[in-house]
Structures are given as structure tokens and as C-alpha cells.
Amino acid sequence: MLINAGEMDHKKLNDAIRHCSSGCTITDCCGQRFIAAGMDGKDIKIHGVPGNALGAYLNGGTIEVMGSAQDAVGDTMNDGAILIHGNIGDVAGYAMRGGKIFVNGDAGYRTGINMKAYQDKKPLMVIGGKAGSFLGEYQAGGVIIVLNLFTPQEKIVGYFPGTGMHGGKMFLRSECRDVVFPKQVVVRSADEADKKELRSYLVEFCDIFGYDIEYILSHHFTVLTPDTNNPYRQLYVAN
Amino acid sequence: MGVDFIYPEFEVIRNESRCIACRVCERQCANEVHFFSPERGIMMSDETKCVDCQRCVSLCPTRALKIIRSDCALRENANWPDSTIKEIYRQASSGGVLLSSMGTPKAYPVYWDKIVINASQVTNPSIDPLREPMETRVTLGKKPDKIRRGEDGRIVYELPPQISLSMPILFSAMSYGSLSYNAHASLARAAEELGILYNTGEGGLHEDFYCYGPNTIVQVASGRFGVHMDYLKAGSAIEIKIGQGAKPGIGGHLPGTKIVGDISRTRMIPEGTDAISPAPHHDIYSIEDLRQLVFSLKEAINYSKPIIVKVAAVHNIAAIASGIARSGADIIAIDGIRGGTGAAPTRIRDNVGIPIELALAAVDQRLREEGIRNNVSLVIGGSVRSSTDVVKAIALGADACYIATSALLALGCHLCRTCHTGKCNWGIATQNPELVKRLNPDIGSKRLVNLMTAWRHEIMELMGGMGINSIEALRGNRLMLRGVGLTEKELEILGISHAGE
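Residue numbers (the working numbering), protein chains in the order written: chain H, 1 to 239; chain E, 1 to 501.
Each hint can be trusted.
What follows is a set of in silico ranges between Cβ atoms, one per label pair, in the way DEER data are often shown: (1) E:N477 <-> H:G31: 42 to 48 Å; (2) H:T25 <-> E:S164: 40 to 46 Å; (3) H:H19 <-> E:N450: 47 to 53 Å.
Computed, partial: chain E to chain H, Cβ under 8 Å: (4) Q91; (5) G96; (6) L98; (7) S100; (8) H228; (9) L232; (10) I269; (11) P270; (12) H282; (13) F295; (14) I301; (15) H420.
Worth flagging that the hints you see were computed from the coordinates, not collected in a lab. Model, not experiment: these values are computed from the prediction. All residues carry an ideal CB built from backbone N, CA and C; glycine is no exception.
Take the sequences, apply the hints, and build the full model.
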């Protein structure tokens, strides 16, 4: 089904999406927020720019944005996939517990904050370009990958990546000599096993956005995991 | 020992002529205070472990036990009270942040106790609630500004989503994890029987309690634990927790050792991992962002339920509440400095925030002045201890009150303030199966129903005395209140006159 979002507010647009049996293509999207919030089983293609909180609490299905998206993409997402051909704004994937977010371009600040994992749910976020500061702050589970495919001369990630990280894994396609990491994370170079794991995450990403996986994997990757010997905790004394 | 030794705070007094060495006290004490000495053939005690929860006293079949405050004291000093000195010893020996449970024991003014209620005499008749109808039902949610009529002239009844309570009280947020399974079961069952609501807190909703959905408020906090679509749809309202009266401005950290079994399942995080709730919601840095979270939730549940935004009472609470009222929230919940907690840093609990009475009066006044009072309902908490506290809160402008400590007391809590140890002998704030089964949900829910029924009767008596027959007519009716022993400024903020005026 084709939905022209030009004249619609977010409520009307979401109503129209709810009435689609399975899939729809939205044209003229112009900043409408909360698209597909809490929905599942819909395959949605978006032309134009969706507003904040695209796919919040998403519970399944696929959202494909042909251009860029704004802030809070996939907030508290539980399942499904969000594919962004352009860039995304800040706070993407906040507290997401499952599903995947693939971004071809750059991501803003606070990407993947408080990402979690639970039983068979293991969220995956792949950023083709760079990420801003506070990447994966408080990360508790899942996988965040940043590739920096377009501007390798620039820093792959901003300040404070992985601050408060206490679970999950982060892969940065860089030697990260210019990145300062907090003391709660263990930073090391990816080995063969890591590369094998990376391949399993990147196959679909490369397929969708048309990249050569061998080229991507031939580069150096830095791996971040939480430091269990130096946990993120406050020392308390009972009073 | 030595410099770190702190003499036990309590003494166990055992009347040897009454003690039959049945060892009930030993079995009942999870802190392992009591033990039997085979050589001497008598019960003995290690008072260093006693928290004064009174479990042994209550269950001793011969009333042989009592716990008293130790009189071994440091030299008296008004500037350096005993407790302050001992806190320094604790920190000097450990390097730790002081951690406490339940509401602050500090002597902040309790304005409820400095406000008196009016009654009718001669000039208008009081009402006898036993003979005449008396309405204690309240509906919470956004109310329309005016009556709308359709083209046929009939009134359009489309209302934003509301929640209906048989009386102006709700059980406040306490998570499964901070409370035991049986404590949650008691609250949920009592809420259903009473026609009121209880609140999941941020620990998610146990699968067994989805059946109490119509009487449940589900909470969304910064860690988003256990938040998924089934959960959001399960309750009859969703509460966004920004802050809590006992610990405004800070997040939470449940250590991995407590994330086991059911707790892990309801929070939807793996066993043994830390549960960190960041201090702010990192997707909310402004009122505009709050509006975004409110509406993302509304969209997700298709505008079917009201959204509550809960904040701690802090200095500019009136301006903050005004912002929340404009964010699209249907209900604002405000929690005062005396509010309880399962664990909070002592310094924050005891020093951050403001008393709920002042916050409530300031917020109600501000929302009225701005003409947006009916955009939201106002729920307040932070030490509502009796039916008169409820009546005074409503007359100051609240739509309903959150109670938590009062409810726990009904379940058997003796306010020993050591919830953070996880060894609650009353089976309330513990996950130890042996302790949890001490709280029988059949009895627990019955006691909660008793308490609320009694309060409801008292509220009706008080209203009747004022000549008021509906909660609606009491709300914001500050003429029914007078202050006793309050300063001009306090009276001004509370918006009430002094007694005698």
C-alpha cells in the first residue's frame, strides 16, 4: 500500500500504517514522529525524512528509510529491523533489547546507550560511517559495530565511548590510536575469532548496502568489552 | 574491632525466668542474633547483628524478649550527635558511600501535623456518612476544558483515557526485586479487591501478575527494564519515572548478585548482570524530549491509557510541573523528601528534595494560575501516613495519594530500615524463599484491604464533618484547612490561613 504522508500528522500516519495488513511505502515523509511505534509484522519503506522516535518499542517487521532519520531511532526496540540508507541523529537504539539497526551513514551522539541482551534476544547495531560521543554508554549487552567507511582520516568515534559499559561487545574498524577509552572497558585488537564473529554480523549489512565484506574485514578492528575486574559500581557501606 | 568498633545499637533483653529455650527466636532471625548454648543450656544473643525488626519479640511464645536501645553512648554533643560520629567511623573504615533504606529518619517538619481540618457547626449541617451517600470515587486523567456538542446537539462523550479509583489512594511504585513475590501478590490482590491501583516499579511485571492488569500501573524508568509491548499494554496506566523523593537526581544500581531467577526474567536481563538505571533518561534532556517520550508511549498503545510522569519534589517543582502538564502527560506524580526507598545513599535521602506538602501547594497554585490545572491530575506521595494526611493533601489540591510505607507496615514491616541487606525477617524486602513464605498473600492482601477500608471510612467521616459529600468538592478546598504554629511564609506557600483567622 502507498501512503502519501505529506499532509498527515503522526497520529494519522500511524493510523494509516496500522490499517495496512503487512507492508506499505510512505512517500513525502516530512518529520512525522513515532512512526510504527510499538508495531510488529509490518514492512515499511520510507521516502523522505521520518521524525524522532522512529520505530520506538518496535516489536518486529522491517522499517527501511531510503534517506536519513532523526533522533531516537529504535528507542527501547524489542525486535525487528531498521535500515537507514543515510545518517541518523542522536540516541539511536536507546535501551534496545532485540532486533537490529543498520545505518549506512553516520550516527550522532549517545548511540546504543544502555543496549541490553536477554536470552535469545541480542540486539545488533551497525554504523557504516562514524559515531558521535558517548557511543554505547552503559552498554549492558548486544553488539555495536562502527565501520568508518567514508572518512577514514577522521576519528571513528567521539569522546567517552563505552563509559559505564557492563555487558555486550563493541567493534570499531580502526586502530583507535586517537580515541581515549574509559577504565571500565578492556580494549584489544580483533583476533581471528572476533573476525569470524564480525563476519556473521556484517554479511547482511554488506548485502543490503552493497559492500564487499572481504574489503571491510581486511581492515584492523578494535574490540571493546567490559572489564569485569574493574566493574562499574559504587562502594557502599550499610548505615 | 579497636578503632572501628561501634557498640551495638540495640540490646536484647531476655527474661530468663520466662525463656523456655524453644529456639523460635533463633529460627526466626535471619540476622543470626540468637543461638542456643548447649554448655549452659540457655539461649544467648549476638547483639552486634540485631536490627530491631522485632520479629523475635513478636513471635516469642512466652513474651520473654524485648529489644531496647543501647545506652552505651559517646559523650553528649549537640554539634556531633552519636549517629554523625558513627557514620564517620563507618566511612573511615570502608571508604564507602553510606547506604540506607526507607524514608529519612531526620526530623524535617511534617506539615500534615501542623495543619488542622475544619468541621461544620450550626451554620451549615454536617453529613452522617452512615445515612447519606458519600462519594470517594475519583477519576484521574486529562479533563476537557468545555462541554462539546455534536451536530445533533448531543453532548460528545469522547474523553481522554482515565483511570477510576474507588478512593483517592494508590499503592506507590515498588519493584519486584526490591519487594518479594508475596509482597507484590498482596499488593496486586488488594488493589483488585479495593478497586484501586498498584504500581510495578521499574522491575518489570511478573508473568503471574498480568491478570491484575486493570489494577496495575506499569513503570518505564531510565533503564527500561522489562519494558516491551505486552508490558506496556498490560496495565491501565503507564508511569514514566523521572525521579523519586528518597533519591532525586540519581539513578539506580541493582547488583548482579540480586539478578537471579524470576527477577532476571521480569527485568529481562541475564542472571548475574548488573542492572544499571542511568541518573537521567538519556533520551530526555528537556520538556520537549519528555513530550517525545510521552507521545511515543501514547502512539505505541494507541492513546488507550493515561501516561503518568513521576518526579521528585525539588526546588523549582512548580515550574517543572507546569512543563510536565504541557508535555502531554495526563497525570503528574510528585514524591516528597520524606518518601521511602529500598536503598538510597544516606546523604541524598536525608538532604535532597523538599517536603511534599509545600511542593503540592506550590504546584496546584501554579497550575491554577496558568489555567492548566485540568490538563492533568495530581498524585502526591512521600509519607502519607493516615486518612487525615490524605484529606489534607486533597484539600491542598491533590487528586489522589500514593502510599507505600503505610502499605508495607500493613504487611508487617516494622520500619527497621535495613531493606538493603535483603534479610527482611517479615518476608517483604527479601528474595530468600524461606523468608518470603513468612508473608502469606491471603493475609497480606486482607490486611491491606482492612487498612484501606478503615481509611475510607475515616475519610467519609471527615468529609461529612465538613459538610462535604464528594471528594471532588474537597479537592483544592483550602478553606477547610488552617495552619497551627506556621510562619507567614509557610502559610503563604501552603495557601492557607492560620488557625483563628
